[in-house]
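**Student:** So the sequences go chain by chain: A and B.
Just so we're aligned, residue 1 is where the first sequence starts under the numbering used here, counting upward by one.
Just so we're aligned, residue 1 is where the second sequence starts under the numbering used here, counting upward by one.
Honestly, I wouldn't trust all of these hints.
Stated by the list, open to error - Partial chain A-side listing against chain B, Cβ under 10 Å, derived:
id	residue
1	Glu263
2	Leu267
3	Arg325
4	Ser336
5	Leu338
6	Leu351
7	Leu353
8	Glu826
What the hints assert, rightly or not - So the derived label-pair ranges between C-beta atoms look like this:
id	chain 1	residue 1	chain 2	residue 2	range
9	A	Glu495	B	Ser87	35 to 41 Å
10	A	Asn147	B	Pro82	29 to 35 Å
11	B	Arg466	A	Pro856	57 to 63 Å
12	B	Glu474	A	Gln277	44 to 50 Å
13	A	Phe450	B	Glu474	28 to 34 Å
14	A	Glu495	B	Arg466	19 to 25 Å
15	A	Phe450	B	Ala532	46 to 52 Å
16	A	Lys489	B	Glu474	34 to 40 Å
17	A	Ala162	B	Gln476	45 to 51 Å
18	B	Arg499	A	Gln277	43 to 49 Å
To be verified - Heads up, simulated EDC-like pairs for lysine to aspartate or glutamate below, C-alpha to C-alpha not over 16 Å straight-line:
id	chain 1	residue 1	chain 2	residue 2
19	B	Lys452	A	Glu273
20	A	Lys306	A	Glu273
21	B	Lys452	A	Glu349
22	A	Lys306	A	Asp327
23	A	Lys217	A	Glu232
24	A	Lys698	A	Asp463
25	A	Lys851	A	Asp772
26	A	Lys764	A	Glu737
27	B	Lys452	A	Glu346
By construction, these hints were calculated from the structure, which means they are not laboratory data.
Glycine is no exception: its CB is placed at the ideal position from the N, C-alpha and C atoms.
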Amino acid sequence: MLYRLLSIVQRQRTSPGWQTWSSTRSSTSATESHSVTLPAQAYVVICGGGILGTSVAYHLSKMGWQDIVLLEQGRLAAGSTRFCAGILSTARHSSIEQKMADYSNKLYCHLEQETGIQTGYLRTGSISLAQTQDRLISLKRINSRLNVVGIPSEIISPKKVAELHPFLNVHDLVGALHVPEDAVVSSPDVALALASAASQNGVQIYDRTSVLHVLIKKGQVTGVETDKGQIECQYFVNCAGQWAYELGLSNEEPVSIPLHACEHFYLLTRPWETPLQSNTPTIVDADGRIYIRNWQGGILSGGFEKNPKPIFTEGKNQLEIQNLREDWDHFEPLLSSLLRRMPVLETLEILKLVNCPETFTPDMKCIMGESPVVQGYFVLAGMNSAGLSLGGGAGKFLAEWMVYGYPTENVWELDLQRFGALQSSRTFLRHRVMEVMPLMYDLKVPRWDFQTGRQLRTSPLYDRLDAQGARWMEKHGFERPKYFVPPNKDLLALEQSKTFYKPDWFDIVESEVKCCKEAVCVIDMSSFTKFEITSTGDQALESLQYLFSNDLDVPVGHIVHTGMLNECGGYENDCSIARLNKRSFFMISPTDQQVHCWAWLNKYMPKDSSLLLEDVTWKYTALNLIGPRAVDVLSELSYAPMTPDHFPTLFCKEMSVGYANGIRVMSMTHTGEPGFMLYIPIEYALHVYNEVMSVGQKYGIRNAGYYALRSLRIEKFFAFWGQDLNTLTTPLECGGESRVKLEKGIDFIGRNALLQQKQNGVYKRLAMFILDDHDTDLDLWPWWGEPIYRNGKYAGKTTSSAYSYTLDRHVCLGYVHNFSEDNGEEQVVTADFINRGEYEIDIAGHRFQAKAKLYPVTSFFTHKRRKDDVELSDFHGK
Amino acid sequence: MPAPTQLFFPLIRNCELSRIYGTACYCHHKHLCCSPTYIPQNRLRYTPHPAYATFCRPRENWWQYTQGRRYASTPQKFYLTPPQVNSILKANEYSFKVPEFDGKNVSSILGFDSNQLPANAPIEDRRSAATCLQTRGMLLGVFDGHAGCACSQAVSERLFYYIAVSLLPHETLLEIENAVESGRALLPILQWHKHPNDYFSKEASKLYFNSLRTYWQELIDLNTGESADIDVKEALINAFKRLDNDISLEAQVGDPNSFLNYLVLRVAFSGATACVAHVDGVDLHVANTGDSRAMLGVQEEDGSWSAVTLSNDHNAQNERELERLKLEHPKNEAKSVVKQDRLLGLLMPFRAFGDVKFKWSIDLQKRVIESGPDQLNDNEYTKFIPPNYHTPPYLTAEPEVTYHRLRPQDKFLVLATDGLWETMHRQDVVRIVGEYLTGMHQQQPIAVGGYKVTLGQMHGLLTERRAKMSSVFEDQNAATHLIRHAVGNNEFGAVDHERLSKMLSLPEELARMYRDDITIIVVQFNSHVVGAYQNQEQ
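Just need the whole structure built from these sequences, with the hints factored in.
**Tutor:** Rendered as structure tokens:
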């Protein structure tokens, strides 16, 4: 096998031209493939011989796993990998992608040395151009983040750009980001090198072998059916690229992998008369929607157009990828843009317009991880045209995930379980990727919402709220109100409202927040994931005690905030659980936990017919009544005493509201403000909402949205799972000690890790930062991912931020690390360490002073302010 | 005459003369051209004659324009914005979609688009479209007037009634006559499809009706009772001839109402060509008088377009017409009857409605003019008798009728006045409309293949293709699209906005020098219905 593989590579090397690619490949493997028979069993079967499949195989074998089989339907590296433009760029918006790209870069750099196979790796550097100030801000943000992780980069002037690249028209530029260590590489060669190294480590590679479907028994992978026979296995890895979606659906128990292909074009030219220097940097002109790299003395240039062409929606894509047609008319805007950027290209001769489909996902992030429905079924696909840049790192993380049970970085934003079956409609995917692909080069501003594939899941109150001016955002397919635009007020058009500065809804949210503080607001929070766990005996309590860190053996009617931890003590989920009765619990989790939490519970709960887990998300509409007057509204509607004596905080009662009976009322608001959550069976939703609104009128009730909620919860230092909390953060690291009962008498998951951490101390700590010298009107707003500096030294990154209308300041949450002066190793972080630091937050290269807090700001000067604000008009009824 | 104008006299004169001589320089005034010997030059210079009112507008405007050009804006370029261009191009556009089932039969016509772009002010072209209600079929026509718009207006109002009446069976004519006689409600004959700008003369309506009634009364009297099949070709010829006859008679008889009296004279002394299509199922008749043209767009099996001409131009380029004229007049007139490619050296079309100056005897002309209103008497043009005018009539309105049986590959019919045909080749017209109607998705994709193409060349090619595409998307009306090309095409056959803008912003006086009135009707056929007809009969 190894010999065969190497022979392919060697023959290929003798004729490195583009045109000769396919001919060399086909002649080698066709003859031999018939004689090979597949092994009857293996430990892992990887489907897909592209860069991702080979990367996973490489890393798994490096970590010591044996018995790995890699199957490829055609030839190795013959899919998108073959057509990849070969640009490796670390200038990425998300830090996890940045880490993966950085790792890939280092890996590919050494690959040639390690395997002896030429990969064409060339450190050219990359220059991302900014035609507008907004683009420059976006690049500066990336620059700040690159610098703190040790990737050299700098913001340079247009003049410097002209020096770095001879042919570039720089007259319309305002600046650029230069990353000198970015590289170009031949991606099929990288895949072959990875395959060859894996093969040396014992991975068996078979090409021209198609996986038909995966065999599953009792929710567990048992084998793979191929066109050449069956292989028994325990793990299956779907790295099938654009075929991953189809392959996922082919099982008896379908695995939903939401991705969709779009045609992607790039141009190859013949070489210049005096060939371009091979180390000429790669150019990314996002405003012009194009990238340009040096290619065999000529150039290679493609882009992400505004009007993508999705293909293979019906799924008939088997190997048609080979003969997709060039579409010059479609490429015309990109060509214009290219000639504007490099006018000297006019006279260069065209070699070819390559059409290579790329896969995109509904949120422009790749998909990795284990299927929520089939254990042992792993996926790595949907690379959004960054397969080469991310391939190395992604393969490593997935291998870690399989070997250790979790990756060494938080990859929740890439986790397959962030999606459910609801994202797997072909129509949805087709429409969504048409929005995602242009987004590759669109300006990425805070609080961006997708416009396509919307209004899938809605609350029964959607129309009512929409008519009252609600503006919507979407989470896990569910529409949630952001804020309510008052009548007679107009907001900017969608495109115009893109800003890194103070947004146009600032005053609107302020009035909503104020109303929450002083009167009462109602927020529709129906999107939250809601589970009910019931049992005939004590099984429910027992299993929950094992799964959750807090003590759930509380009197009926109590609500417990608790983490659902993994073995390392990290948060798999952060939720509130109400004990409805002795044997039944009601669990509320974040919206995007619907798939993940379900999978987790199913994995760890005993398979016991007397224990019933039910997803009741769709059964209840949730209204959050926030504010000091919420109690008045409710007591008027229920004729029940609602005073703190009768209804203390964190309490749950089933009661009637208006005419409707059986409403679960909980005295909590997810914000730290007084108020109640109402869980209403959906058929009563409209009635209860109407009653609340009409009774609430005299208390000044109004609608509010998630932006107000966000401002309230961040100023109260309420960390949210998915943003501030993740699988690598423990309760002890974020002030959640009160939610852990180490001594509750049950060895719950993660207890050992927490005990150890308690003894040793934590290595990072979530803190709240209040920006001091930040001008809300004029300065750039924080978002998330901004570097935190302690005494001038990098100490961590922010995880979320909001403007606090009570403090009149921006508040960021973020983790503070203690990196050793000498070797950069992480050291214990104590409260003292936090308190005795001078902090700065870096927003796009500008550092703002910040005060760090470990506990929420006491409402001391909140009260004072409110006293000052009392006006005569407050005596008028509203 | 205001004094300052004199300053620009040379300019005006040059321009003016060039119009008149016609042969000297680029001149589109082809229909009518007066020999200068008959008009004292000094009169022309100082008192613009009413006869030339249609040629040259009051001098003041002209003067303003020259002044503006010379002193204010020479270095600046005034370009119309694309929306302004569009609003000019679309001002007269009209579309009609035939209901899928009109109650009688499934129509072989999907619908039609029409539009016109004036060069004269007011425009002298007219268009008409109507569905026959008492018989089957649809009538569409374009009319190109000369020496004013009176005749083309009258023909556009009246001709289709004459045709419809000619097509009516005996019983229906009787029924109508009885209804008129007894004052009952009349059967509607035509369903007009008119743009709001297409008007009908209210004043003459009674007069026109009476003439029409006389016509059908004669048809009733002529009919011997046996209901023979009505021949469309014959009906068309009769209708044309009858209407022209009525126009002539009305002018001779006059009208007690002085307005009407002047009107009928203006109609008779001005002229109009006509190109009319009658479509009934797969039967397409085109009746043509003059130099407008009907062109059939045929899609070949390979998707390409070819043009089939369904009418013959009646002008000097048509050998048969030259032959006809020579035969109709004595040998000694052989040289004078057509001079400088014009009838008697004056008129471009060899067949036309009105133009009694080429039809009446000299005596009759003089009598009518003398007894006519003063306005007529003051008119140099009407007074002036054509040279070598020995054996009238020299002109006829009798149409040449062609018949075509529609086939599924016949996709559309373009009826247009010579304003279109002199700027565009028929093949281009058919291709542009064809590509417009089928949509650009049929445009062949480009492939580089093994050719040596530079990025710059490819970019040029793509921009051109996109320009074509965007002009397609801009127009919802095939006729508008065609006008856009006719006026704005550059040497490469692509719409050039700059050129389009210049052509459309010409002042009224100059416009006529660069282009003629353009009127276009594009009729789209329903290939499925046509195919079904064919199969039925097989």
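**Student:** Now tell me if each hint is right for this structure.
**Tutor:** Going through the hints against the structure:
1. Glu263: violated, 13 Å
2. Leu267: holds, 8 Å
3. Arg325: Constraint on Arg325/A satisfied, holds at 7 Å.
4. Ser336: Given a least distance of 7 Å, the restraint on Ser336/A holds.
5. Leu338: holds, 7 Å
6. Leu351: holds, 8 Å
7. Leu353: holds, 7 Å
8. Glu826: violated, 52 Å
9. Glu495/A to Ser87/B: 35 to 41 Å: violated, 27 Å
10. Asn147/A to Pro82/B: 29 to 35 Å: violated, 48 Å
11. Arg466/B to Pro856/A: 57 to 63 Å: Once the Cβ atoms are compared, 59 Å apart, the range 57 to 63 Å for Pro856/A and Arg466/B holds.
12. Glu474/B to Gln277/A: 44 to 50 Å: holds, 46 Å
13. Phe450/A to Glu474/B: 28 to 34 Å: Hint holds: Cβ distance 31 Å, inside 28 to 34 Å.
14. Glu495/A to Arg466/B: 19 to 25 Å: holds, 23 Å
15. Phe450/A to Ala532/B: 46 to 52 Å: holds, 48 Å
16. Lys489/A to Glu474/B: 34 to 40 Å: Given range 34 to 40 Å: holds, Cβ gap about 36 Å.
17. Ala162/A to Gln476/B: 45 to 51 Å: Cβ of Ala162/A to Cβ of Gln476/B: about 47 Å, so the range 45 to 51 Å holds.
18. Arg499/B to Gln277/A: 43 to 49 Å: holds, 45 Å
19. Lys452/B to Glu273/A: holds, 15 Å
20. Lys306/A to Glu273/A: violated, 33 Å
21. Lys452/B to Glu349/A: Status holds; Cα separation ~6 Å.
22. Lys306/A to Asp327/A: Answer holds: Lys306/A to Asp327/A is near 15 Å, not above 16 Å.
23. Lys217/A to Glu232/A: With Cα atoms ~12 Å apart, Lys217/A and Glu232/A stay inside 16 Å; holds.
24. Lys698/A to Asp463/A: Roughly 24 Å separates the two Cα atoms, so the pair is violated.
25. Lys851/A to Asp772/A: Satisfied, since the Cα-Cα distance of roughly 7 Å is no more than 16 Å.
26. Lys764/A to Glu737/A: holds, 14 Å
27. Lys452/B to Glu346/A: holds, 13 Å
Hint check: violations occur at hints 1, 8, 9, 10, 20 and 24; the rest are consistent with the structure.
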